[in-house]
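The residues making up each chain are set out below.
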Amino acid sequence: MSGGSPDPDVSTRDATGSHAAAGGRPPAPPRTGVSRGELAMVVLLGALGLYLLLDAANIAIPGSSNTIGPRFFPYLIGGVVLATALALGFRVLKGDRGPSDESEDVDPDAPTSWTAVGIIAVAFLGHAVLINVVGWPLAVTLMFALVAWALGARGVVRPLLAGGVLSVVVWIVFVKGLGIALPGGTLLELATGWF
Amino acid sequence: MGALADLLGGFAEALTPVNLLFALLGVLLGTAVGVLPGIGPAMTVALLLPVTYTLEPTAAFIMFAGIYYGGMYGGSTTSILLNTPGESSSIMTALEGNKMAKAGRGAAALATAAIGSFVAGTIATLLLALVAPTVVDLVVGITPADYFALAVLAFVAVATVLGSSPLRGLASLGVGLYLGLVGTDVLTGQERFTLGIPQLSDGIDVVVVAVGLFAVGEALYVASRLRRGPVQVLAASGPWFTRRDLRRSVGPWLRGTALGFPLGALPAGGAEIPTFLSYAAERKLTKHPEEFGRGAIEGVAGPEAANNAAAAGVLVPLLTLGLPTSATAAIILVAFQGYGIQPGPTLLSTESTLVWTLIASLLIGNLMLLVLNLPLARVWVQLLRVPRPYLYAGILLFASLGCYAVNADPLDLLLLLVIGLLGFAMRRYGWPVAPAVIGLILGPVAETNLRRALAISSGDLGVLFDTWFSRVVLGLALLALVLPVVLRAVRGRRATPEELQAGEPLRHRETVGAPPGEEDER
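So the sequences go chain by chain: A and B. The opening position of the first sequence corresponds to residue 1 in our numbering, with each subsequent residue numbered one higher. The opening position of the second sequence corresponds to residue 1001 in our numbering, with each subsequent residue numbered one higher.
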């Protein structure tokens, strides 16, 4: 109902801050019905509870212990997790939805872009594999550029250049300055060997 | 008066050139990451944990103190000048701050936030110095059973009171407790839940979990629904802080501090509730009710002061009991443990110099923030314009650095990604992240104390309710578990910030229709 103005841009300047100016457009109506994603989270939580309860039985107890041993706390947590999963599952099946997290850069009305998440996850995985092969700066530069492209950065050179400069500077500060172990790759280690 | 002498000793330690340099570094870093959306003090301290391997403890904690307070300052700039809703503790500042900036009074809004943070931070830090020795005297004879009760209270309070959905908070806590179990049992040396992977027998590193949940999780989540298009930054324009602004701000600053410090110091700490209460109080007390919703300076001054006072309050249970009640406090606790220091009732006597230096440098950092940030405001505003693709790519770069630096093992990066995906899913489906971190760090402490208590009583569970202390604390924990559910059933859901701005009463934890000035019934 708020505002009801067909053109959200009109009132931003002269309405002296009435709430049409705050959000731009009225918020999308809350989605209803059972969310499959939430259900998946609950099932995973329940599985975690079961795993804790079942695997706790495999923890070896040294013979000498006369009081509660290493199994007690896992049983306790497993029980709490399973109970929480059951209660939450009940709520979710009744149509309850969690409020998704707010952040300055998040568009609350945007649908989830699983492509972006997938690309970033793969880029991160790739750099983890590459670190010990080509060194941290090069691996992380590739990751940086891929993530920037997935988030809408323009051009080919700029993301690579930004990532490259940043990673080399960070590598020099942390490795040469603070003495942290980080493979630099053959080229960079040769170039800074005199340091 | 012992506290005063100790505090002066702390100043003597903190005022050396090298330590001042670390304070400055911390303050600048903290403000920068506070201004940048998507990065918070918890993640920054987590990323910097590896420096504790090379730095001596005093310098490290002075830097962390600067980051802790600096992050609060930076957050207010973001919430006032970015035209988008932000994280929960700064959301009340944003309500009126945004409106002020739009009406051409951005400079005044930034000033009242900065000076208010300084006033609240200074008063609350002095209160911390005053209260801490007293609390230590009270809890010095604490038994393992009492300590277990305190940990349970912190678990329940963090899980159910902070988030908007108590069950999802408990779920998140459970995940954190599980992550804390993985590894070798300290008391018997047995491996638990390691899946036969040798690297896991040392446990999952806290840095990996914290960076995964906060940095990678946040980057993935923001990436999944990024606000496209150019970033809208409001101008910090208009007349600077006038005498009239000052007159209108002083009351809210002091009331915000009075609300923030005690609520932050309770084991159910956190900044969200005091900022809500402060906003509601100022709305009722103001002489200019017509300005609320259009940029009332009281609505910026009060919540911002409450936010900072709560941050100092959180340090009371951390330094006196070793009990973290916020994500940042939990990671500072890890830094203590990294130096082989166990925070707890004995901390103030065994590590007296370190603690008082930490408190003194909080005061110094607070002053630095005021002096630096009034002139530097324009520089920080530039940070808000960083193109978002580069910002989040950069966050991932630093996450990789901080995580790999711990063990130099690529497997950690794999684990980081898995935990990051978990953090993404938690944000996506409304599970709060902080309870998981608290569970991971406090879980092992709770287990050790529980088993120690039961070893003394040779297995009799009655020992857990033996002292009055533990009975009261467990009673409070039960209350924190049940009360939100009951309140929800009786009064409906909590008012949203927007409803609060429109003048509706704050339904949870506030006596509806109370006469002005009686807000702080706790």
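Because the hints were derived from the structure by calculation, they are not lab data. Just so you know, even glycine gets a beta-carbon here, dropped at the ideal spot from N, CA and C. A few of these clues could be false.
[Claimed, not checked] Using C-beta positions, here's what the derived DEER-type ranges look like:
#1 A:Arg154 with B:Gln1232: 45 to 55 Å
#2 B:Val1485 with A:Val34: 44 to 54 Å
#3 A:Val157 with B:Glu1290: 51 to 61 Å
#4 A:Ala191 with B:Ala1005: 47 to 57 Å
[Claimed, not checked] Non-contacting residues of chain A with respect to chain B, defined by C-beta distances greater than 10 Å in every case (computed):
#5 Met41
#6 Ile77
#7 Thr112
#8 Ala128
#9 Val134
#10 Val157
#11 Ile180
#12 Leu188
#13 Glu189
#14 Ala191
#15 Thr192
[To be verified] Stretches of chain A that chain B covers, calculated by requiring three or more beta carbons in the stretch to come under 8 Å of a beta carbon on chain B:
#16 97-109
#17 145-154
#18 160-169
Against the structure, the hints:
1. Between Arg154 of chain A and Gln1232 of chain B the C-beta distance comes to about 19 Å, which lies outside the given range of 45 to 55 Å.
2. At about 22 Å, the CB distance of Val1485 of chain B to Val34 of chain A disagrees with the hint of 44 to 54 Å.
3. Look at Val157 of chain A against Glu1290 of chain B: about 54 Å separates their beta carbons, and that is inside 51 to 61 Å.
4. For the hinted restraint 47 to 57 Å between Ala191 of chain A and Ala1005 of chain B, the CB-CB distance of approximately 54 Å keeps it satisfied.
5. The beta carbon of Met41 of chain A is not kept farther than 10 Å from every beta carbon of chain B, the shortest such distance being approximately 5 Å.
6. The beta carbon of Ile77 of chain A is not kept farther than 10 Å from every beta carbon of chain B, the shortest such distance being approximately 5 Å.
7. Not every CB of chain B lies more than 10 Å from the CB of Thr112 of chain A, the least distance being 5 Å, so the non-interface label is violated.
8. Non-interface call for Ala128 of chain A relative to chain B: violated, since the shortest CB-CB distance, roughly 4 Å, does not exceed 10 Å.
9. Listed as a non-interface residue, Val134 of chain A keeps its Cβ farther than 10 Å from every Cβ of chain B; the least gap is roughly 12 Å.
10. Residue placement check: Val157 of chain A keeps its beta carbon more than 10 Å from all beta carbons of chain B (closest about 14 Å).
11. The claim that Ile180 of chain A lies off the interface is violated: its Cβ sits roughly 5 Å from the closest Cβ of chain B, which falls inside the 10 Å cut-off.
12. Residue-level check passed: Leu188 of chain A sits 15 Å from the nearest beta carbon of chain B, beyond 10 Å.
13. Every beta carbon of chain B lies more than 10 Å from that of Glu189 of chain A, the smallest distance being close to 15 Å; the non-interface claim holds.
14. Distance check on Ala191 of chain A: its Cβ is at least 20 Å (rounded) from any Cβ of chain B, clearing the 10 Å threshold; non-interface status holds.
15. Residue placement check: Thr192 of chain A keeps its beta carbon more than 10 Å from all beta carbons of chain B (closest about 17 Å).
16. Note: the stretch 97-109 of chain A has 12 residues with beta-carbon separation from chain B under 8 Å; the three-residue rule is met and the coverage holds.
17. Look at the stretch 145-154 of chain A against chain B: 8 of its residues bring a Cβ nearer than 8 Å to a Cβ of that chain, three or more, so the hint holds.
18. With 4 residues bearing a CB less than 8 Å from a CB of chain B, the stretch 160-169 of chain A meets the requirement of three and the coverage assertion stands.
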